[in-house]
Amino acid sequence: MFDDHSPIYRQIAERIRTDVLNGVLVGDEQVMSTNQYAAFYRINPATAAKAFQQLVDEGILYKKRGIGMFVSPQAGAHLRERHRDRFFADVVAPMAAEARAVGIPLADVIAHLRQLDRDGGSETTGGTDDGRQPA
Amino acid sequence: MTPRTRTIAGFPVPGLLAFIGLIGVGYFVVVMLATVGIATWGDVSTSTWEQGTELARLFALFWVVWLIPTYLAPYVAHGVTRREFVASTVVFVVAEAALLAALVTAGYLVERLVFEAADWPHVLTDDHAFGSPTHAATVFVSYGLTFLVWASVGAMVTAGFYRHEGGWGLVALPVGILLLVPSDLAVDSGGPPFLEAFLDLGGGRLGLALLLCLPSAALALAGAWALLRDVPIRSKTPAA
Amino acid sequence: MTLDIEIDDLHLRYGELTALDDVRLRLDGGKIHGLIGRNGAGKSSLLAILAAFRKPTSGTVRIGGQPVFENPEITHQVCLVRSTGDTVEDDDKVEEALRFAERLRPAWDAELAARLVDRFHIPLRHAIGKLSLGQRCALGVTIGLATRAPVTMFDESHLGMDAPSRYAFYDELLADFMAHPRTFVVSTHLIDEVSPLFEEVTILDRGRILVHEPLDTLLARGTAVTGPAAAVDRFVDGFDVLAEKRLGGTRSAMVYAAFDEGRRRWAAEAGLELGPLSLQDLFVHLTQPTEPAEPAGSTSAAEEDA
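Residue numbers (my numbering), protein chains in the order written: chain P, 1 to 135; chain C, 1 to 240; chain Z, 1 to 306.
Rather than coming from a laboratory, the hints here were simulated on the basis of the structure.
Everything numeric in this text was worked out from a predicted model, so none of it was measured.
C-beta: ideal position from N, C-alpha, C; glycine also.
Only true hints are included.
Far from chain Z by the CB rule (all over 12 Å, computed), these chain C residues: (1) Gly37; (2) Leu55; (3) Leu109.
Covered, in the sense of this in silico footprint (three residues per stretch, anywhere, with C-beta under 8 Å from a C-beta of chain C), are these stretches of chain Z: (4) 45-57; (5) 75-81; (6) 100-111.
So that you can see chain P by itself, here it is in the shape it has in the complex:
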């Protein structure tokens, strides 16, 4: 359910961000209430509330008084943008550094990537890498 990598509320927030990123949750869609989250994951509702508050602060969720929590319509785009930035900083740059360190010319890396591009077609796979350090 929850691993030891980070506090529970961070993992909940990350899970919701991932769902929004993948399109599992779309803009203006209602998310489970904090109580439903708490019951489902067997945690204190205050912990769930903390996760939700963080997402509200980030602009990922908004609250409709008396009804519940909803995904912000721009949340998906916002997260994809941020994920994109992180991807280049956290994945591409280190990869390039490692390639250099190991002695692989970047030209080879680029050629390899082009090959993958031709083979993979226009498939887009969502980034469901739960092992990632949260933001």
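Guided by the hints, dock chains C and Z onto chain P, whose structure is given.
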């Protein structure tokens, strides 16, 4: 009915007094049957119910001795204060004494009818604070006082043993006996001669009984309260 | 309306033995509080005092602003469940015990009690003395929950229950807490299993309050640093290391510290993995008598309880 009223009315468990009453009635029937048995094998020359009432004292005592260790902890665990518990116990003691006294009184009256029908002499052996077994009022008060004192002392001694630490049980016991004996004797003598001389007051006998029994009962109940008012509720097994 | 718990200058002594020593604690109403401590730390004594089972040697204990001991206004609103089953008698049948509770508890929910008895498979007609330990404990928590007392406390009441029953208990506790918010205090040895339910945690150690904080704050105080031994050594140098494990060239150090963004980057670049400590880890190492790790944060946390 508020929860508190309900608590006191049904103390310690609902139906207990009715149950006690039923046993009392059943006991009377048994004694009467035994009397018939005696008549078959020998002679019935005195009241058998009078002998039967000796047990009644212990019966009155038993219920109080049972209820304190059995119910104090569950009541406190359910949010009832010790004060409320003891107050309910006092009400129970008085109600039980009155109930049993009423049963004994009724028993004598029925026994009189039975004895007259069977032509047996309805005679008492011991010297009581009441004159005739059919003087319902005096019989009732007499036995009521006896049961009241026995039950009250029972409450105090039980409280002492329940409290346990400091050996309060061993203190309460002699004090209890001290309160019990004179009161009991005042109601039914068979006791020391000086008491007889002192008691040669005729109808004042009942008055003396009242004078001794009521304060004794009150003291015993006060003693029970003092012992229970801050008694800790211990775990049944050693705490982790 | 939820009831707060305020404890000041509380002492409890049994003759020579001091069970509780100068305890000051404030527990906010309407939350699920965790109370953890080693055997003999004083948890049961503290809960017994809160429930008016015992009178303290000295100090004040207030619930909802009112003193507790022998105060019917308050005691009628408090329910303490212990695994020893104070509310029941061995000779009684289960259904009698439930009727007894219903009589004495104004907020008793008979439907909930019936549903829980069913869920935990407690035979209604059996004498309580004949129940297994698991069933007795389950009956205890059933009574505790169905009482709906504004202050409900569980003193290791799940100890004898098997895992499925325990998880059923946690689910029911959470569900009823969310449906009928009130103050819960749960004391347990199964720290990692139960701690996700807590909003705040109090650690009792040898009769004194060691820590009282929101769960997240407490968990954030510790970090596990794992990686190549030399790199870990450099990284944790100067910090309070609670414990460590070594396997070959890898070292895992449990540090009583939270690291800022800068240090986290350093860790990532050095190939070190940073993770949180479980509450159980923190607890075990904070309450070790030989450790000097009396965390600097804890005394200020205790003072903040006023």
